[in-house]
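Position chain B with the ligands relative to chain A; hints supplied.
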Amino acid sequence: MTTLPRLKPEDKCFPNLDGSGDWGIKGYQKRGGYKGLKELLKTPQMQHIEKLKASSLRGRGGAGFPTGMKWSFMPQPKLDEKGKLIPLAKPSYLVCNADEGEPGTCKDRDILRYDPHTLVEGMIVGCYTLNAKVGYIYVRGEYYDESSHLQQAINEAYEAGFLGKNILGTGVDVDIHVHLGAGAYICGEETALLESLEGKKGQPRLKPPFPAGFGLYGCPTTINNVETIAQVPPILKNPTEWFTRWGRPGNSGTKIFSISGSVNKPGNVEAPMSIPLRELIDEYCGGVIGGWDNLQAIIPGGSSTPMLNPEQASRVLMDFDALKAEGTGLGTAAIVVMDKSVDVLRVMTRIAGFYHHESCGQCTPCREGVGWVHRLMERLSQGDGTIDELDQLFALTKKIEGRTICAFADGAMWPTQGTLKHFRHLFEERIKAKQSAA
Amino acid sequence: MTNKRPPVTKTAKADTSKQAPTAPVPAASTPTQAPAPLPAAPEGFFNVFVDGELLHVKKGSTVMQACTQAQKEIPHFCYHERLSIAGNCRMCLVEIEGMPKPIASCHWPIAEGMKIKTDSPLTINARKGTMELLLINHPLDCPICDQGGECTLQDLSVGYGSDRSAFHEFKRAVDDKDIGSKIKTVMTRCIHCTRCIRFATEIAGVEEMGATFRGENMQVGTYVEQAIQSELSGNMIDLCPVGALTSKPYAYTARPWELVRTNSVDILDAVGTPITVDNRHGQVLRTQPQENNAINEEWMTDAARFSYDALNTNRLTAPMIRRGKELQTCSWPEAFSVTKTALENPTAAILGSMASAEDALSFKMFMDTVLTGSAYDCRPAGSHLDQFYTFNTPLVEFENVDAVLLVGCNPRLEAPLLNVRLRRAALKRRVQIGAIGADMDLTYPYQNLGNEPELLESFTRSKFADVLKNAQKPAIIVSASVMTRGDGAAILAQIEKIAKKVGVIKENWNGLNVLAATSGRITALDMQAKAGTPKSDTAAILKSFNNGKTQTLIVYGEDTILPEDIEGQGTLIYIGTHMTATAEKADVILPAAAWSEKSGLYANAEGRVQLAHAAVQPPLNAKEDWKIFRALSEDMGKTLPFNTLSQLRSLIAAKHPAYKAENWNKVTPRETRVAAADVEISARPFQPVVTDYYLRLEYLRQSPTMQKCQSEVAAATLGTTGTPPTPLAPTKAKTSKKAA
Ligand SMILES: Cc1cc2nc3c(=O)[nH]c(=O)nc-3n(C[C@H](O)[C@H](O)[C@H](O)COP(=O)(O)O)c2cc1C
Ligand code: SF4
Ligand code: SF4
Ligand code: FES
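In the order they appear, the protein sequences are chains A and B. No gaps in the numbering here: position 193 of the first sequence is 289 in our numbering, and each next residue is one more. No gaps in the numbering here: position 253 of the second sequence is 584 in our numbering, and each next residue is one more.
If we strip away everything but chain A, and leave its shape as in the complex, we get (with noise of 0.2 Å):
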């Protein structure tokens, strides 16, 4: 099997990804950092635009909505036919999603701490390319000592002078704020964001209106992940190979996975888009505890993500479409190994279980539902119910999934979904076991 090189330096969105140098803003100066700043301040909006459509980046926070699109859809102010500008009606808005919840993710952690400047700067592209004078960063309430590095990254580019009024002398103003969550998955959900970030209950908005017309305060705004913002700058600085080179087409680029659970050597790397699972795995991490063979299954994006079994995960490419197409997704390349020896079934239940405790309760299906699939799995993990409840068990999921306000309620019955897809047989190995004990 031929590999993939490993990245160097250069090619790589966060060369401190691991923590080995300085993460201030003399390490970050030193590794590159806002040179050429100063010349994206001064390049029309849409060119940044345009590029980010061609990077083909996709959002780092789950969904993998195109960013380039995405940022298309806030307002630019228009010219009148004097040729002056019109100021836009109201203030945008760009918020960066620091809330990191979904379980087996951590990569955001490893940008805040070791490298913040890296999502300074993205601010501060990002901002001025969305004609926003304000970002915020809402940082999970856990990331305390992250998001004092990320303050202190902060004050050091007001010092500089890449933040405040007048970047560089090119007129572009640009101030940033961080909040700290107080603890709600929820929370992570862009519109339940918004809401916690306005002061309220952390509960996802009705959509449509879509944040883009009338996001925080009413006000058109742009939410995105760490990773997201973060990598902005590097591929509007580099020519548009730099970034598509990596990845196949529409999956472009580098990408931080989060890789835990059954490998020996869990942590977070940066690799090129569509690596082979098995190659990331084997190369980056040591390969599975007793050997690839000693694998039992893999969840590939975050706990959302249903699971891939063994045959699966030894062939499937990590990167958006690939994942689809495998009744998955890629979701925050998170990815949790389990080898033969952890009790599937179990890990499930526990997830399950993350879910009802993290449900919002604002909509029926989500509210009531998600407790009762994690009752459920609890029962019948342990062999305790019939077989019957196991075709009601997926018949649940199929009326919480997709009837609700937010994609929580999806992302809380995937996994439930997949485990009753490739391990149903544990389920009935226990429940007949129980019965014939009985």
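Just to be clear, a hint being listed does not mean it is correct.
[Unchecked claim] The calculated lysine to aspartate or glutamate pairs, modelled on DMTMM-like cross-linking and capped at a C-alpha distance of 20 Å, are: (1) Lys969(B) - Glu665(B); (2) Lys502(B) - Glu474(A); (3) Lys296(A) - Glu533(B); (4) Lys828(B) - Glu533(B).
[As the list claims (entries may be wrong)] The following label-pair restraints were derived from C-beta to C-beta distances: (5) Met430(B) - Glu255(A): 17 to 23 Å; (6) Lys494(A) - Lys389(B): 33 to 39 Å; (7) Asp472(B) - Lys149(A): 40 to 46 Å; (8) Lys494(A) - Pro776(B): 47 to 53 Å; (9) Lys494(A) - Asn731(B): 46 to 52 Å.
Since the hints were made in silico from the structure, they are not lab data. Glycine included, each C-beta is placed from N, C-alpha and C at the ideal position.
For chain B with the ligands alone, coordinates are given in the frame of chain A:
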């Protein structure tokens, strides 16, 4: 979620061409015909198919509205047309052709060529799924639930529920909350539709309801367990689609199918809310609002909703006369003979605030015919309102009014449903509202211009005068209570002068309004139930009775006079419904009918005359008021010229055109002449108009529920900021100087 846009297609043409091959129009095309491209919908409309039927639906409508237009009812819980859209119950899901999942029709915007399927298997299954999930944690305690028989969950579960449950886990139980004497909570029944929360926040303007905790543990209630401080809270009972919020006074009293319903009108303020009165076996068990966009929308005040227990409390059920120290029941002839004797002496009479036109006119005719020349008045002491005592601005017109000045007026407590409209104006349309008067909490921002009456003298030079001048439809609302200050006539004259100067009165627009305390006050003035000479007003009547010039005083339902103000040694005749403190001082009591026991016409603030039907009979020996006057007049040899209600009604119609049957329910403007003032404006600052909302009328003071509600009003709430509410006194001693 990503930023995907809703599938709104740009032009009708592009879309039909795209859709035509895959989805032929079922109704319009036969299978052999090639589907013809859809003609464009009229300007401002979209072509929308509901179950195959082509409709033109206004752009900006929701899918549910399109379905309603097609007369397809979409089951729903959380959606309510007068509240913001929450989209959380997920009962209204429908399938849209070409969309991967069913959408919530209550908020999804329509688009050109959209094909909605309200009875497809996917739609029906989505509803069934939602219903199943709604019911798993529901207690299913319909047999002991007051909502039973009029419960949306019950109704819809007939269509979409299953007769058995697949749920074998423990059900959730939620603690009930004590939120006061008006609303009973059984929160285990709550389906978290947030209608109550949205009503409290959006309409009532009290952010006291909310959801705490999340997921399965989400609980709806007041954040801090306390009585909800709103004079509109009862509407949450109507809004709650299940039995989570029910009426506390009504609890366990009846099933809806046992009740007999009568149409009536709320006469406890001047808005004239149309209501229904439900009785069983002659006892009124509840009152509910009817819907009328021009008057109350669909809301009702708490005073009107919860005070019906006054109808069964402390009532006068038989005539009484004083024998020695004691009031004793007697027969009507006995009472009449004592009355007759007393009326031979110089007599004067005062009429109260709850009179119907029938009451007022028969009273007036009795005074004019039988006691010719006697003084009588229907206004509270001090008030000289004569020609102008109503609104010139119809209530609906407040949706267009673009500047408001309040003078001595607290609309939140005097007319809560008018305040709903003012709140909407202030918040939705940013209408500027200024107030001269005591500080208050109106639930929306307003400019407090001060409470010195002198402000009126220099008003035209003030900044707020410019606000009124610059407005298209400015309005001034003066509380009729201002008239009882003694200088009311001068104030009103000055306000009229201002109104003309700042464009509140101009060509094609008159925005000057007087807000009366009750419809009865307006109705009595319409009937001109006053002697009309300067020396015959309420204050003069009291004075002359107290100094013995008048030897007999008839107090007819009056409730603004303090009993201690009646000091005269003459004969006191009380005609009314309750054993009030004044009644206890009386020498003769003639028991009359309460509002629910007589058919009566009442004019509201905008001059709209409405008929309140009699729901039940007067208790025991009490009689309808007009019959008392008619019988007494006959007894005294000067029979009034009517034998029946309809004969009396034609006399009423002759007195005032608004009371002709063909003019009922219409806004009929009154003459608006403001009398010249013979007094000067005093420097005394304006006082809070209402300090005890729940007890502002004698009738309300008789209601045990209202007494409880008032005791729950904490200091510094209910718009009396800075003025602690009047401490609760026992019913009998409870009196208060109130306004007309
Ligand atoms: C329940 C739920 C939780 C989410 N949590 C996160 C999160 O923690 N971090 C994140 O970046 N995106 C999260 N998302 C995705 C966001 O809603 C949003 O799609 C994303 O921030 C957009 O950024 P992107 O376009 O850069 O991916 C979550 C979505 C859902 C439905
Ligand atoms: S799906 Fe769940 S998390 Fe999302 S809005 Fe509904 S209840 Fe809240
Ligand atoms: S109490 Fe009633 S109105 Fe309020 S959320 Fe619950 S079900 Fe809805
Ligand atoms: S009515 Fe549409 S979601 Fe409740």
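Problem set entry | Numbered hints the structure breaks, given as an ascending list | 4, 5, 7
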